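Asker: Respectively, the protein sequence lines represent chains A and B.
Going by my numbering, the first sequence runs without a break in its numbering and finishes at 1576.
Going by my numbering, the second sequence runs without a break in its numbering and finishes at 1576.
Hints may be right or wrong, so weigh each one.
Which copy? The list can't say, so a pair holds if one copy fits it or any two copies do.
Stated by the list, open to error - Heads up, simulated DSBU-like pairs for lysine-lysine below, C-alpha to C-alpha not over 30 Å straight-line: (1) K1151 - K1402; (2) K1335 - K1428; (3) K1402 - K1461; (4) K1171 - K1461; (5) K1098 - K1275; (6) K1275 - K1428; (7) K1428 - K1151; (8) K1330 - K1511; (9) K1428 - K1402.
Derived by calculation from the structure, the hints in this document are not laboratory data.
Note that this is a predicted model, so its numbers are computed, not measured.
Number of protein chains: 2
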Amino acid sequence: MPDKDERKVTPRSQDFAAWYNDIVLRAELADYSPVRGCIVFRPDGFAIWESLRDELDRRIKRTGARNAYFPLFIPQSFLRKEAQHVEGFAPEVAAVTHGGGQELEEPLIVRPTSETIIHHMFGQWIHSYRDLPLMVNQWCNVVRWEMRTRMFLRTTEFLWQEGHTAHATSEEAQRETLTILELYKSFVEDFLAIPLVVGRKSAAERFPGAEETYAIEGLMGDGRALQCGTSHFLGQNFAKAFEIKYLDEQNQLQYAWQTSWGVSTRLLGAIIMVHGDDQGLRLPPTVAATQVVIVPIARKPEEAASVLAAAKQVCESLESAGIRVRLDSRDGLSPGFKFNDWEMRGVPLRIEIGPRDVAAGQVVFARRDLKGPAAKSTAPAAEAAPRASVLLGEIKQSLYQQALAWMQRETREFQTYPELKKQMEGEGGGGFASVFWCGSPDCETRIREETRATCRAIPFNQSHPAGTCIVCGEPASERAFFAKSY
Amino acid sequence: MPDKDERKVTPRSQDFAAWYNDIVLRAELADYSPVRGCIVFRPDGFAIWESLRDELDRRIKRTGARNAYFPLFIPQSFLRKEAQHVEGFAPEVAAVTHGGGQELEEPLIVRPTSETIIHHMFGQWIHSYRDLPLMVNQWCNVVRWEMRTRMFLRTTEFLWQEGHTAHATSEEAQRETLTILELYKSFVEDFLAIPLVVGRKSAAERFPGAEETYAIEGLMGDGRALQCGTSHFLGQNFAKAFEIKYLDEQNQLQYAWQTSWGVSTRLLGAIIMVHGDDQGLRLPPTVAATQVVIVPIARKPEEAASVLAAAKQVCESLESAGIRVRLDSRDGLSPGFKFNDWEMRGVPLRIEIGPRDVAAGQVVFARRDLKGPAAKSTAPAAEAAPRASVLLGEIKQSLYQQALAWMQRETREFQTYPELKKQMEGEGGGGFASVFWCGSPDCETRIREETRATCRAIPFNQSHPAGTCIVCGEPASERAFFAKSY
Chain A
1091 MPDKDERKVT PRSQDFAAWY NDIVLRAELA DYSPVRGCIV FRPDGFAIWE
1141 SLRDELDRRI KRTGARNAYF PLFIPQSFLR KEAQHVEGFA PEVAAVTHGG
1191 GQELEEPLIV RPTSETIIHH MFGQWIHSYR DLPLMVNQWC NVVRWEMRTR
1241 MFLRTTEFLW QEGHTAHATS EEAQRETLTI LELYKSFVED FLAIPLVVGR
1291 KSAAERFPGA EETYAIEGLM GDGRALQCGT SHFLGQNFAK AFEIKYLDEQ
1341 NQLQYAWQTS WGVSTRLLGA IIMVHGDDQG LRLPPTVAAT QVVIVPIARK
1391 PEEAASVLAA AKQVCESLES AGIRVRLDSR DGLSPGFKFN DWEMRGVPLR
1441 IEIGPRDVAA GQVVFARRDL KGPAAKSTAP AAEAAPRASV LLGEIKQSLY
1491 QQALAWMQRE TREFQTYPEL KKQMEGEGGG GFASVFWCGS PDCETRIREE
1541 TRATCRAIPF NQSHPAGTCI VCGEPASERA FFAKSY
Chain B
1091 MPDKDERKVT PRSQDFAAWY NDIVLRAELA DYSPVRGCIV FRPDGFAIWE
1141 SLRDELDRRI KRTGARNAYF PLFIPQSFLR KEAQHVEGFA PEVAAVTHGG
1191 GQELEEPLIV RPTSETIIHH MFGQWIHSYR DLPLMVNQWC NVVRWEMRTR
1241 MFLRTTEFLW QEGHTAHATS EEAQRETLTI LELYKSFVED FLAIPLVVGR
1291 KSAAERFPGA EETYAIEGLM GDGRALQCGT SHFLGQNFAK AFEIKYLDEQ
1341 NQLQYAWQTS WGVSTRLLGA IIMVHGDDQG LRLPPTVAAT QVVIVPIARK
1391 PEEAASVLAA AKQVCESLES AGIRVRLDSR DGLSPGFKFN DWEMRGVPLR
1441 IEIGPRDVAA GQVVFARRDL KGPAAKSTAP AAEAAPRASV LLGEIKQSLY
1491 QQALAWMQRE TREFQTYPEL KKQMEGEGGG GFASVFWCGS PDCETRIREE
1541 TRATCRAIPF NQSHPAGTCI VCGEPASERA FFAKSY
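With these hints in hand, go ahead and build the complete structure from the sequences.
Answerer: Structure below.
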């Protein structure tokens, strides 16, 4: 059996894109599939999605939304009912033209998002103000044809949740949009340890058919931004297209006000690109399929039995404490190989137990989030479980703090356009640029075309004196965050 | 607001099919969709699926299988690699011919089941006996083109789990097939309170590409059988088609041995058709979104406050005990209307609280599984929660016992073919017929063509003297269960 680091990944500092692909493949998170643009989520990757999904599902249900499931297929004519919506999605749809051996009269679109079919059903279900608010959420697969695949970030098929709500008033719908945005923010920050910039999108970056789109944006390890979730205020656009009307308390017929919101499996990409390092993946303990790995270290055959027995005991105590623990008792592999392997796979905490530890009745902890001596500590074997719980909590905090420090360091305010341009030059990221922008699409387009940075978010509640647009010099009341993005 | 039973369902005893559709629509479990053959799972229906799925998922994971996710689309050529498989599925597939505005070189099939694409990936991942067993499970949507839709039972798109495993030996794969069959049986019997007949399928009823198919079969309230789950021993058929080879411990290249197994959203249909009665749905407490509904009864305005306060207190005590409880404090609806509404929706247990109950410090329980005085009992309000827990357990047992008594009554042994034929005549079901069958496809075909009954299962471990085939009179060692089925 191999005892060298065959699975070592390209260092992140050397080639970010190669590093990313290496992690996805070697940590067995996902694999390429024989279907262009589609990937396979392997068990170690899917387990991250399951942890994330279950927690987010609990949080969404607490807001009053309930899960439902709508058809995968959407009649082509539905997509055309909202003008901006069809313009946004038509170029990237997959169409079913044959079913049961027959050519279909009307092609069916494989859902790229479900506003149209869900709103059609809302139209059947909503009659009176008593039927409102109607709040549903759906976990499903969606398909958007992609020419260039990037594991988790850009794939033809991906998994997501999409929430869809209808309300009696504009205010209530807008409140819902922001409630979910805040829910996404606290979920991604607390549970995935990813710090965010939050705000509204520019008109150019809006969801096709929305009045307003809000987003949470994270900063990846290469200085590029990644949109991690969006929440849309749809106004009455879809209600009018799909005739979603209700009788209000005064018996007047009104169109409903709507929202939609979603996060997807691209969050797996965010976890990798925010937390990973040269050695590989670093997983927040909340989503790690294995939170703690125990490596018994016996150099002589006569030590093996007592070391393994001690390791098993520690393993059981952690299991009893509800920790997802794994004992790596594989034969024929050196401890060093195992250390590297589990580090590459992102396991947050390692426990080492050797003959001297058994004699001393202790275990050695090694944290994945720190390097050198700071990563190591010892504890009495009897206290391994409570100690591991404390360390797992600290590791999550520490991953968040490291990512926050990085985002803060890579967030810059610029006063002049040449400064902005210079920062965005080159192949790498460039971080977030906070600049005054007058709001005109022309200035936004110029920034995009000349620097490849797009408007990621316009933060809320800006409390600073007004300035002048970094492009045209006209008065500007708000700063916007621009960045190159995935 | 309406105070009469607008939502009453067609009595089951009057028209089983109409009754079934009424329940699905009026209990808001599902709705028709604008896409032919596809239905919408509404929140009250989807919640049943979620409870069922979460419990089954836990049980499957305990066997060592892990969840993964494979592409929705399958290259058409893959389906053709296993001869029986393509023959079985080709007529009912949906084909994507266009993506991203272009015609595809090779059509993509929307998965009707995932053996082919999963086995292709297994071929990439399996190299050595150390990679075995490989056990994955996938929760997903699948598409099989249907001309005649029946809510939950027969829809173009449905949801399911499909497990796929690869093993080093035939024995191990066969053991896995039966382990899962037993898991399905205990899950459906314990959790869904549905008694089953279990056994192997005849060759004619086998999964296309399998060496042996096993099934769990339930008997619906109209005397028809419903296949509730299947487990397939695939032998080496797919391993040979997809080149799944491994080096054994003697360094010899071997084909792997495989299984696949699944249950689907048709289990929701089984729950309705096994437990429902003239009044509507009856849900096992395990899967009921609302396990207990509390109806406050105040006929005079001056009683309302104290009754509602008492109801709220009871509601909180049940919530604290982890019971899924709902307080129906809707204005303008009579208690009678509410009773009927929740009975129709299948809530297992109702608590009534009126002014006299408040004065006596008690609550009245009404069980959905029983009728008349036997359904009613009282308990001190302070003991409402523990009492409700006990009753919910009893209700599940009682639903199972009622269904078991029905299945036993509707299971008959026949010695002569005319008896069998007579039993299966007419529009209704006919129950299970246990008959000696020689095993020849000719006799099976004759039974199917003349009685519309098919071979549902050949039970294991039959301990009776051999007999003679009910059709041809040749010696027959086994009894088979025939029934008309969904």
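Asker: If the cut is 30 Å between Cα atoms, do K1428 and K1151 qualify within a copy, between copies, both or neither?
Answerer: between (40 Å within a copy, 25 Å between copies)
Asker: With identical chains, the pair K1330 and K1511 could be close in the same copy or across copies; at 30 Å between alpha carbons, which is it: within, between, both, or neither?
Answerer: Neither way: K1330 and K1511 sit 43 Å apart in one copy and 58 Å across, limit 30 Å.
Asker: Are the CA atoms of K1275 and K1428 at most 30 Å apart within a copy, between copies, both, or neither?
Answerer: Intra 36 Å, inter 40 Å, cutoff 30 Å: neither.
Asker: Have a look at K1098 and K1275 and pick one of within, between, both or neither, based on CA distance no larger than 30 Å.
Answerer: Classified as neither: same-chain Cα gap 33 Å, cross-chain 45 Å, threshold 30 Å.
Asker: For K1151 and K1402, with the copy left unspecified, which applies at a CA distance of at most 30 Å: within, between, both, or neither?
Answerer: between (39 Å within a copy, 22 Å between copies)
Asker: Pop the pair K1402 and K1461 into one bin, within, between, both or neither, using alpha-carbon distances up to 30 Å.
Answerer: within (27 Å within a copy, 55 Å between copies)
Asker: For K1171 vs K1461, is the C-alpha pair at or below 30 Å within one copy, between two copies, both, or neither?
Answerer: Cα proximity of K1171 and K1461: none, with 56 Å in one copy and 51 Å across.
Asker: How would you label the pair K1428, K1402 (within, between, both, or neither) given a Cα cut-off of 30 Å?
Answerer: Only inside one copy: K1428 and K1402 sit 17 Å apart there, 56 Å across copies, limit 30 Å.
Asker: At most 30 Å between alpha carbons: which applies to K1335 and K1428, within, between, both or neither?
Answerer: between (62 Å within a copy, 27 Å between copies)
Hint compliance for this structure: hints 4, 5, 6 and 8 are not met, and every other hint is.
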